[in-house]
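Fit chain W to the known structure of chain C by using the hints.
Chains C and W are the protein sequences, given in the same order. Everything in the first sequence is counted per our numbering, starting at 1298 for the first residue and increasing by one. Everything in the second sequence is counted per our numbering, starting at 1298 for the first residue and increasing by one.
Honestly, I wouldn't trust all of these hints.
Identical copies look the same in the list; a pair holds intra-copy or inter-copy alike.
Stated by the list, open to error - Simulated crosslink set (EDC-like; lysine to aspartate or glutamate; CA at most 20 Å straight-line):
(1) Lys1568 to Glu1662
(2) Lys1664 to Asp1592
(3) Lys1581 to Glu1605
(4) Lys1603 to Glu1679
(5) Lys1783 to Asp1864
(6) Lys1908 to Asp1483
(7) Lys1490 to Glu1389
(8) Lys1490 to Asp1610
(9) Lys1908 to Glu1679
Don't read these hints as lab results, they were simulated from the structure.
Protein chains: 2
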Amino acid sequence: MKKFNVILTLVAIMALLSSCGNQGQKSASNGALSSSTAEKAYVAPGEHDEFYAFLSGGYSGNITVYGLPSGRMFKEIPVFSQFPTSGYGYSEETKPMLNTSFGFVPWDDAHHPDISQTNGELDGRWIFINGNNTPRIARIDLATFETAEIIELPNSAGNHSSSFITENTEYVVAGTRFSVPVPQRDMPISEYKGNFKGAVSFISVAPDTGRFNLEFQLMMPGFNYDLAHPGRGDSHGWMFFSTYNTEEANTLMEVNSSQNDKDFIAAINWKKIEEYVKGGGGTKMATEYAHNVYDEESHMGTSTMKNEVITVDPTKVPGAVFFLPTPKSPHGCDVDPTGQYIIGNGKLSADLTIHSFDNMLAAIEGKKFDGEAYGIPILKFEDVLAGVVKSGGLGPLHTEFDEKGNAYTTFFISSEVVKWKLGTWEVLDRQPTFYSVGHLMIPGGNSRKPFGKYVVAMNKITKDRYLPTGPEMEHSAQIYDISGDKMQLIYDFPTHGEPHYAAGCPADLLKTNSKKIYRLDENKHPYAVLNPNDAKVVRDGKEVHVYMSTIRSHFTPDNIEGIKVGDKVYFHITNHEQDFDVPHGFSMIGQNTSELLIMPGQTKTSVWEPKKVGVWPFYCTDFCSALHQEMQGYVRVSPANSSTPLTYTLGE
Amino acid sequence: MKKFNVILTLVAIMALLSSCGNQGQKSASNGALSSSTAEKAYVAPGEHDEFYAFLSGGYSGNITVYGLPSGRMFKEIPVFSQFPTSGYGYSEETKPMLNTSFGFVPWDDAHHPDISQTNGELDGRWIFINGNNTPRIARIDLATFETAEIIELPNSAGNHSSSFITENTEYVVAGTRFSVPVPQRDMPISEYKGNFKGAVSFISVAPDTGRFNLEFQLMMPGFNYDLAHPGRGDSHGWMFFSTYNTEEANTLMEVNSSQNDKDFIAAINWKKIEEYVKGGGGTKMATEYAHNVYDEESHMGTSTMKNEVITVDPTKVPGAVFFLPTPKSPHGCDVDPTGQYIIGNGKLSADLTIHSFDNMLAAIEGKKFDGEAYGIPILKFEDVLAGVVKSGGLGPLHTEFDEKGNAYTTFFISSEVVKWKLGTWEVLDRQPTFYSVGHLMIPGGNSRKPFGKYVVAMNKITKDRYLPTGPEMEHSAQIYDISGDKMQLIYDFPTHGEPHYAAGCPADLLKTNSKKIYRLDENKHPYAVLNPNDAKVVRDGKEVHVYMSTIRSHFTPDNIEGIKVGDKVYFHITNHEQDFDVPHGFSMIGQNTSELLIMPGQTKTSVWEPKKVGVWPFYCTDFCSALHQEMQGYVRVSPANSSTPLTYTLGE
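Bound-form chain C, shown alone:
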């Protein structure tokens, strides 16, 4: 059976391609030096880490915040996934954040965080991240460390080559990994070739508020758009995308999409396209996508359904899009701090391909094309090539940069990080990873100003690196000190979810702006109780609204009677604390939702639909004072037809 043979062959290939390179227990301890290695990763009690690292959670759907060099996780920021811990995606205020054109989606696969930039340098206002599965982009506010906005992307499918920002955060750019029919329609999968499209979305970011607007989508040929990075410096105004499956195969992809010797890096002059669209270019297309915004003053998320997008045919904008041939199924697509070099790492090759931006411009100027693909000019490989790094490794994936002209590339198959010199292409150092490294991150490594003190390698295979925890384990990351000529492995730390890319910055960029409380006098929540005297319970048919306030260690009201089976009870709870780090929690027995975790000055809402007659307790879920255990109340639930009057106790 041919089918079976193909599969057996695949299994053999896969076993090879997924080998770990450096298996077995190894130690970084090196005799007399081990003490100083410990010191390098150690942050003593009461001292602070030097850098923030924002790791994507991958299939957790969230972002996790770590300190470097300690590798300690300071927060998990819920973005695309429900988070029972705080009630994100369960509270009435946050449920709208997870709305999409497909309805409520409680999860996504978050890959590539990117910190906002001004003039190509990190400015620390926001961090962006992509939802891979149900295509979305999120903006997280770096004063509150909370998700502030999520926009869905129509026509996209597997939003992987995202979210990368341009040099002044003009746009968040997001490319589709999977091409699909645009507009979607009922058609045979076998007719993919020539019929499916790859959408690349440009979402503008308002300079003052950060607010998104989906400005236009470029409809590229039906390849897979894998990763991207922005131009900077001279190449500002351009975006670069790696592609694979230029074969446009649609089945047995692991064989059929690896046939071409070279795929492409797509170079997109977005300034030209922006100009074209501003001049009335592009086509208005009817579609449907959700735009969800969280307002910090009303503490409320709202979801709006949009129904139109401007699409752009790249062949209609001459000089805007070119293909740079790049061996072989390139994965990473990275741009150095000067903006001159575009690195394409063919994941099935050993060598790295470096394109030159100046060469590219010259080739375009000279119109030296090597044919075209769906009307898009293909440049000649030799014309744009700046150099090749003969790495000696296998399976190169991603490259980051320091401020001294060095590049650091990960190799998945040979499990290592290789340091090499930009311009000379010479390999300077290599260090094993444990095991099978994917992305890596240097703080500011995707900007004009990297801070090359540490590199974090995010590994895909963990195996024996930590005490075992059954079949399922966390992925592992490793920190290398790169301040010297040679990289030094200083620490292993487990991560949460599956980090793909990460973004880091010096601690000083964020720590002084970090918000400590929400001001109660600025609380504009429609159900806020700003004074405990105003606490009340209001019935409106079968809906009951509880306007509740909390302060150490009391709920007002603390007892409620007159609730009936079949009611829908909204607990709107305002935390009256105005001190840093005094949240209160709220939960009601048998509730079909999560708790609420309410920050000082904030109002949050939980719904309860009582099903059983009785006297049922609620309590504070966050240990808030020595009398926290006394922070409780009861709700009396009467039968649906009862005449028990609505009453509540305010502390008399």
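Frame of chain C, contents of chain W only:
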């Protein structure tokens, strides 16, 4: 206004009671010694931690697994809460685990983990934990580190003095924090006193399988049952519970339940009650509670609704229950390794009260009672007292023990851990905590055989200990080396959720038994595909079942046509890998559920209800090989009335 004055007074009291004691940046660095401190917390790359620490997640609903002394988090085990990362609580197999008599409850508040014991020593088979809000007890298998069983507790409300196991894991014992009407009924909250009951549940644990059975519930007076610990050694057969609100107040609890100078520790002779029930004692009561079991071979959870429980009136079993007066609103209730001393820490006092088990037996023997409460004899304080620790601290909460006869008590208000001597009651050492410590944990500290090398303090207030992350922060823990005479703070680490209690054990107890894969040839899942040749798609009316297999890096089938809008599509996915640490993931665009993370040899099921006509991709969400990006497929969705035939591609 009287109401307002009361509240203002409360605010002032609370501010005092929640002060942190030791605010401001402090460092453990101490000049020449700092290097050795770093070494103590440092676990070099490739080396392993000495101890496992299982921290409750509090309002995360889960358990987190850490290493000591590194403070690194190796896994979050989903228990009571939906976990989008792995699909727990979203996949068809795991949704039944969160079923209750109130319906599907996606969250709980997990407090007190306890590792199974044999003859009073940790045996490392299972770990148990309580759900506080919708009363439940869970059992986690320590070979797979997965939740194996959850049982709901009727008549309980705020399942806080739980889950503590007896010396041979005969029972998991669970007490209610809030008393409620039993059976539940529609009655005024103001009639609480004398009418509400406090249920204490005894759940037997089958010695071979660990399987739960709710054997009986003891119906105690309507106090609040706060914490508990089992007797051991001579006191094996007894359980001890701290109580507060012996005032039976029901409003403004933080004032009204702190009126009595002494509350009680309840001493319960469960062997006597067990004998009584085995002899036909107790009352069968109609009720409703869910019992959920996950079967490792079928990879399937099932939920069964039970409808009867045996209740026991303590006054009907003479000699079984006694009250030991204990100042003042005691919180922690801890028993030393010998089983002789029962420590009650009045959270509003400075001193610790230590009761003697022998004194208690003598007092019972001599029938020297100081009256009774609802028919339960009250022993005389002086008769049972073994000693008092004059601590000099404020707000004592919890106590753990080492193997050298020392006890370690946390003080919330004065923010410190105090080490003192059992028997002499002399204070030996004190170290500040940062800030406001709640529980603490020594591996084996709740057993006959503690491993007193480290103590972990779990703090309630974080403030400036780490780089700031906006208003919401993780709680903080601290590790002290207690191998010497004086405790030495060696490291701060942030935790996930809000750890209350924790349980720890030497790494060797678990590491060799940790399962690496599930055997495919033992997979009994009804929809498993054990050979890719058996992959298929079967329509049954509007239900479609996809029998899918995965191996690096391919889904079989990879393309499906003939799905229609309005269908309910079940993806049953079997991971054919049999290597350690090669999970595959699965997600479908626009799905209203989470991904699946499928371990080697396992089958999991995800439901998709397609809403839109088109060609929609799915992909593997866990980077599994160099060709992971090619691990994808498409589903063609046709209109509801379409006649597109059902077809699928198996790799031809």
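| query | What are the numbers of the hints that this structure violates, sorted from low to high? | reply | 2, 4, 5, 7, 9
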